[in-house]
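Letter by letter, the chains look like this.
Number of protein chains: 2
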Amino acid sequence: MLGATGLIILLSLFGIGVAFFYMKRVTDIPVDLGLAKEESDRLKFIHGAIAEGAMAFLKQEYKTLSYFMIGFAVVIALLTDNHETEGANEGLWTAVSFLFGAAISVLSGYVGMKVATAGNARTTVSARNSLADAFVVAINSGAVMGFALVGLATLGLILIYLFMNMVLTDVPNNVLMEVIAGFGLGGSTIALFARVGGGIFTKAADVGADLVGKVEKGIPEDDPRNPAVIADNVGDNVGDVAGMGADLFGSCAESTCAALVISALAFAADLNAMLYPIMITAVGIPVSLVTKLMVTVKTEEQVGPALKRLLMISSLIMAVLMYFVTVAMIPESFVIDEVMYSATGVYFCFLSGLVAGLAVGLLTEYYTSGDYKPVQEIAKSCETGAATNIIFGLALGYKSTVLPYLAIAVSIFVSWELAGMYGIAIASLGMLGTLVIALMIDAYGPVADNAGGIAEMVGLDKEVRRRTDVLDAAGNTTAAIGKGFAIGAAILTSLALFSAFITHSQNLMRARPEYGANYDLVSAITLLDPTVYTSLFIGAVLPFLFSAMTMKSVGAAAFDMIEEVRRQFREIPGIMEGQGRPQYGQCVAISTQAALREMIAPGVLIIGTPLVVGFLFGVQAVAGLLAGSLVAGGVLAIASSNAGGAWDNAKKYIEKGHHGGKGSEAHKAAVIGDTVGDPLKDTSGPSLNILIKLSAILSLVFAPFFVNYGGILVG
Amino acid sequence: MLGATGLIILLSLFGIGVAFFYMKRVTDIPVDLGLAKEESDRLKFIHGAIAEGAMAFLKQEYKTLSYFMIGFAVVIALLTDNHETEGANEGLWTAVSFLFGAAISVLSGYVGMKVATAGNARTTVSARNSLADAFVVAINSGAVMGFALVGLATLGLILIYLFMNMVLTDVPNNVLMEVIAGFGLGGSTIALFARVGGGIFTKAADVGADLVGKVEKGIPEDDPRNPAVIADNVGDNVGDVAGMGADLFGSCAESTCAALVISALAFAADLNAMLYPIMITAVGIPVSLVTKLMVTVKTEEQVGPALKRLLMISSLIMAVLMYFVTVAMIPESFVIDEVMYSATGVYFCFLSGLVAGLAVGLLTEYYTSGDYKPVQEIAKSCETGAATNIIFGLALGYKSTVLPYLAIAVSIFVSWELAGMYGIAIASLGMLGTLVIALMIDAYGPVADNAGGIAEMVGLDKEVRRRTDVLDAAGNTTAAIGKGFAIGAAILTSLALFSAFITHSQNLMRARPEYGANYDLVSAITLLDPTVYTSLFIGAVLPFLFSAMTMKSVGAAAFDMIEEVRRQFREIPGIMEGQGRPQYGQCVAISTQAALREMIAPGVLIIGTPLVVGFLFGVQAVAGLLAGSLVAGGVLAIASSNAGGAWDNAKKYIEKGHHGGKGSEAHKAAVIGDTVGDPLKDTSGPSLNILIKLSAILSLVFAPFFVNYGGILVG
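Which chain is which? The protein sequence lines are A and B, in order. Counted from 1, the first sequence has number 401 at position 401 by the working numbering; the numbering is strictly sequential. Counted from 1, the second sequence has number 288 at position 288 by the working numbering; the numbering is strictly sequential.
There's no promise every hint is true.
What the hints assert, rightly or not - For the chain A half of the interface with chain B, some residues (derived, Cβ under 10 Å), not all of them:
1) Leu293
2) Met294
3) Thr296
4) Glu338
5) Thr388
6) Thr401
7) Ile408
8) Ala540
9) Ile600
10) Val604
11) Gly608
12) Ala632
13) Pro679
Stated by the list, open to error - Computed beta-carbon distance windows for the label pairs:
14) Lys656(A) / Ala556(B): 25 to 31 Å
15) Gly608(A) / Gly657(B): 39 to 45 Å
16) Ile712(B) / Asp337(A): 24 to 30 Å
17) Asp371(A) / Ala556(B): 19 to 25 Å
18) Leu616(A) / Tyr67(B): 50 to 56 Å
19) Lys656(B) / Gly608(A): 46 to 52 Å
20) Glu221(A) / Gly657(B): 36 to 42 Å
21) Ala269(A) / His83(B): 26 to 32 Å
22) Lys656(A) / Phe45(B): 30 to 36 Å
23) Gly608(B) / Ser333(A): 38 to 44 Å
24) Gly657(B) / Val612(A): 55 to 61 Å
25) Pro573(A) / Lys214(B): 45 to 51 Å
What the hints contain is simulated information worked out from the structure, not anything from laboratory work. Ideal placement from N, C-alpha and C gives every residue a C-beta, glycine not left out.
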C-alpha cells in the first residue's frame, strides 16, 4: 500500500505537473498571435516592460528580504532552542525550517508572477479571436499559480516533516512539530513583506497614474503616454498575484503547522492520522483539476457564473470526498488532553470551515457588488456629495463585519465543541479546502486586467478591450469572494495557532521547576488577570497602528510617484503628442524603492511587538496580545476591505449611467470615495490578515524563548 | 464626630448650594442688559426660542424614555432577584435604585440645560461690556452644571446606600451592593439615550443648517433667515450639555458602584472605608470651588490658559489632598480575596487614574488641535484633495489610539498590582477626580457657542461676535481634553464593572449546587475557552455595528432636516429678504422626532445583546462579550473622536489663511473632511463610551439572571 506519505507526495507532484502542463498551454501561444508587424512590436515592447518591471521588483524585494531573513534565522536559531534534549539543536533546525518555508514561498511567488506576466499579452491577442479563447488563457494562467503553489506547499510540508523526523529522532513529538512550525513562519514572513510591499507598490503606481494622467492631463486610463502606466500594470501583478499568493500560502502552511502541533500528542503512533492536515490540502489538487475541466465558457454571460461555479463545484466535491478521507485517516475515536473526539466530529469541523468560508465569501460579495442594495445605497449617497459617500461607506464597512464574524464564530464554536483546538485548525484547513481554485480565480484577475491595459496601449480594436473588460469585471466580483476567504482563513488560522501556542507553552512550562508539572496556563490566561487584560488592550491597538502606518506609506509612496510623473510630463519633449517616449522604468523604480522603504517599519512593528511583549511580560502577556490583535484586527480588516470594495463598485455603478453617470457631480464624489478606499482595500486591509497570522505563528515558534527568558518585568 | 456619611452629605449639599449661588449670579443679569428696545425684542425672541426648543426636546425625550424606563424597571424587578434571602425582594429594590438613578440623571440634565439656555444670551450681552464679563457668565453657567451634577450624584449615592442599608438588613453585603448598582444602571440608561439622541439631534440640525443655508443659499452661519438656525443652537445644548453631562454622571455613578460592590466584602465592618469611593467625588466639590476662585481672566490671551489651568490646579490639589483622605479612611492594610493591600497602594491607584486621565486628555489635545503637527499635516494633505484628507485623517485617528491606550494600560496594570480589582475602580474614580471642573468647562462650550450665534442673529456689533468667538475657540480646545477624559474614564469604569461582575457572579455561582462552593469563575473565563473566545469575537463586532447604526441615523435625520429647510425656503414668501419669518419650531420638531426615532434601535442593540447572550450562553459568554466590546469599542471611540476633531480643526486652520485659506480648493477638501468627522466625533464616537459602560453595568445588575436562568444553550 501507498500510505499517506506516499499519497501526499504523489498528489503534490501531480499538482506541480498540472501546473507545468498549463504553463505550457499558455506559453505555446505566440505572444503576438496574428498581429501585424507594427502592432506586434508595440505589444512585445509593452509586454516585455511589464514582465521586466515585475521581475525587477521581485528581485529587489527578495534581495532586501534575504538579508533580513538570514538575520532573522540566526535569531531563531539562538532564541528558540529549549535545551530540553541535549544535542538536538531544535533552534537550529527551526531556522532551517524557516528558511525552507521562505524559499518555497518565494518560489511560489516567482512562478505566479512569471505566468501572470506571460499570460496577460496572450490573453489580449486571444481576445481578438474570441472571448472564450481569452478566458481559457486567463484562467489557465491562474491555474498555473493555483496548482504550483498548492503542490509546492504540500510537498514542502511533507518533506520538512519527513526530514525533521529523520534528523530529530530524540526530541518529543511536540518539539518536533514546533520545529516544523518554523516552515509556516518562513512563509508568513515573506507574505508580510509581499503583502505590504506589494500593496504599497500597486497603490502608489495606481494613484500616481490616475491623478496626474487622468485628472491633471485628461488622458484615458492605460494610455501609453502616461509614464506610470507600466508601473500600474506591474502593480496589479505585484499586489494581487505575489501578495495574495504569499498570503494564502502562509495561511495554508500555518494552519497545517497548527494542526500538526496540536495533533502531535494525540496521534503520536498513527502516522496516517498525523498527516491528515496535509492531506486535506493535497486532496484539493485533483478535485480542483476535475472542477476546472467541468467548467467551460462560451458566451459573455457565462464568464461570471463560470468563476463562481468553479468555487461551488469544488466545494461540493471536497465536502463529499473529505468525508471518506477523514474516516479513512482519523481513528474512529481518539483522545486529546483527556477529552475524547471522533472522526465524524473532525469531518464536521472541516465542513464547518468550508461552509463558513463560503458564507464569508458570499457575504463579501453581497456587501461589495454593485448588484445588491448596500453598494447601490452608497452610490445614491454620492448625490449629496463626497462627505455622505464617505460616511455611508464607512458605516457599510463597519456593518459588514457582523455577519462574517457570526459565521466565523459559529464555525469556531462548533469545531471547538467537536474536536477542541484541533478542530479549529481543521476548520481553517476546511476554509482553505478550495485553495487551488481560490488562487486560480485570484491570479486570473490581474491577467485579465493587464490584458485590457495592453490592448489599450497597443491600440487594438475596441472590441478586444470590451472582451477583456468582460473578463475583468467577472474577476473583480469573484476576487471579492476570494478576499473574504483570505480574511476568514486568517482568523481561523490565527486562532488555531493561538491554541497551539498555549498548548506548546504549557508543555514547556510544565517541564520547568518554577511552574511545576501541573501548571495550568489555560486557567492563567483568564480575562481577569492584569497582565492578560493589559496586553489585550495593547493587542487591540496594534491593527489600528499598523493600518495607520500602511495607509500613510501609500500616501508617501504615491506622492513620490506623482512628482515623478509630473516631472516627465514637464521635461520630456513631445510626450503628450506621443512623440517622446516616457521613461516607464523610472516609475517602476520609484514604486519599487518606495515599497521597499515603506514596508520596513510596519514589518518591524509586527515582528517586534510580540517578541518585546513576551520578553518583558511573559507568555500570559503574549496570549492577551494575540487575542486582542486577532479580534480587533479581524474586524478592522473586514471593515477596511469591504468599505474599499463598496466604494470602488459604487463608482463603477455610477459609471454605468446611474445617478447622472460619468462626469456628474455624483461621479466626482464617487471617485473620492474610491480613492479613499484604495489603500484600505488593497494595502492596509489585506495586510491585517498577515498581521494576525504572523504574530500568532511567531509566538508559537518563539514559545521556548518566552518560557525560558521572558517575563523579566513580572518576575 | 461627623463621620464619613455626614461629611459626604454635607459636601453634597454644599455642592448643590454652590450651584444655586452661581445660578443666581447668572440669572441676576438682565437677559437684555443695555440693549435698545428693538434689539432687546429680537434677542428675547431668539433666546426664548432656543430655551423653548431645548426644553421641548428634553420633555419629549424624557416622556418617551419614561415608558421605557418603567418597563425596564419591571424587567429588572422580575429578573434580578436571586431569591437567596427570603422576603428580601432584591429585584424590586434594584428596580427602585434604577429609577432613582435615572431620576437623578434626568434632574442633572434638566438643571444643566436650564442654566445653559439661561447663560447663553447673558453671555452675549455681557460681551458688549468686556471679554472678562462674558467669560465670567459663561464659566459660571458651566459651574452650575458641574456643582449641581456632582452634588446630586454624591447625594444620590449616599442616600441610596443608607436607604438600602435600612430596608435590606438581611441580605449579604455583596447583594446589597448589587441593588445599589441599579442606581448606576439607571443613570447609564438615561445617558445612552441622551448621548445617542442628543448626538443625532445636534448633527441633523447642524448638517441641515449648513448644507441648505451655507452651501445652497450662500447665507452665513447663524443667519436668522435660516429655518434650522434655532435647532442648530438647541442642538449644541442637547448634545454637549445634556449628553456629556449624563455620560459623566453615569461614569461617576458606575465607578462608585463598582468600587462599592468589590469593597463590600473587604470593608464589611468599616463604614468609613466602605464609603471612600463616594468621598473621592465629594472631595472634588470644595477643591473645584477653590480652584475656580483662583482662576480669573482679564485679557483675550488668558482665556485658553485659564480653562486649562482650572484642570491642572484642581488635579494638583486633588492629588495632594487625597493622600490624607485616603490614609484617614482606608485601613493601613486590608484583605480582598486573600490578598493584602495597603492604604498607600489605594492612594497610588487614585493617582494613576488621575495622571492617566490628564495624559489622555493632553494627548487628545495634541492630536486634534491646530497648534500641533498632526492637524497641520492633515491640513496640508487637503492641498491634494478630499481623498488624501480623508485618508490622512483616518490614519491619524487610528494612530492616535496608541498612546492613550498605553497610558490607560499602565494605569490598569499599576492599580491592579496595587489593589486588585478594587484598584481599578479607584483609578477610574481618580480619573473622574476633577469631574466638577470637567463638567464646568464642558458646559461652558455650548454657552459660548450659543452666545456667538445669538449675537449674530440679533445683529449686534461685530466686536461682540469676535469676543464670543475667542471664548468659543478656547472652549473647543479644552473640550477635546474633556472628551479624552470621558473616554478614558469610560474604559476604566467598564473594567472596574467587569471585575465587579465577575466577583459578584462567582459569589452567586458558588451558592448554587451545580457549581459548588469552590467554583472558580476566574479560571473559567480563560482565553482558551470556546464560549469565551466566540463571544469575544461577537463583542468586538458590537461597537462597529453600533457606530454604523448611529452614523446612518445621523444621515437619515439630516436628510429629513434638509428636506424641511428646503421646503421653507421654497414656500415661505420673503424668507430670503428677511420679511417672512421661518418656522424655527418645525425644524426643532423634526430634529426631535428624528432623534427619538433613531435612538431606539441602537439603544435596543446595546441593552439587548448582553441579555440575550447571557440567557443563551451564560456568564462566561457575557464575560467574553464585555471584554471584546470594551477593547474594540475603546479603540474605535478614540479613533472616531480624534479623527473628527482633527478634521474640524484642520478646516479651521486653513480658514486662518493657511494653504490658500477660505474658499480655496484645499478649504473645500477640508470641509468634506469636517462633514465626515461630524457624526464620528459628536455621535458615534461619544456614544461608544456609553456602549462599553452600559453593557458592563447591565451585566453586573443582571448577574443573578444569568446565573439562575442563563446559559440554556451550553447546558
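Verification of the hints:
no., hint, result
1, Leu293, "violated, 39 Å"
2, Met294, "violated, 36 Å"
3, Thr296, "violated, 40 Å"
4, Glu338, "violated, 15 Å"
5, Thr388, "holds, 6 Å"
6, Thr401, "holds, 5 Å"
7, Ile408, "holds, 7 Å"
8, Ala540, "holds, 4 Å"
9, Ile600, "violated, 17 Å"
10, Val604, "violated, 15 Å"
11, Gly608, "violated, 14 Å"
12, Ala632, "holds, 5 Å"
13, Pro679, "holds, 6 Å"
14, Lys656(A) / Ala556(B): 25 to 31 Å, "holds, 26 Å"
15, Gly608(A) / Gly657(B): 39 to 45 Å, "holds, 42 Å"
16, Ile712(B) / Asp337(A): 24 to 30 Å, "holds, 27 Å"
17, Asp371(A) / Ala556(B): 19 to 25 Å, "holds, 24 Å"
18, Leu616(A) / Tyr67(B): 50 to 56 Å, "holds, 53 Å"
19, Lys656(B) / Gly608(A): 46 to 52 Å, "violated, 40 Å"
20, Glu221(A) / Gly657(B): 36 to 42 Å, "holds, 37 Å"
21, Ala269(A) / His83(B): 26 to 32 Å, "violated, 53 Å"
22, Lys656(A) / Phe45(B): 30 to 36 Å, "violated, 52 Å"
23, Gly608(B) / Ser333(A): 38 to 44 Å, "holds, 41 Å"
24, Gly657(B) / Val612(A): 55 to 61 Å, "violated, 44 Å"
25, Pro573(A) / Lys214(B): 45 to 51 Å, "holds, 47 Å"
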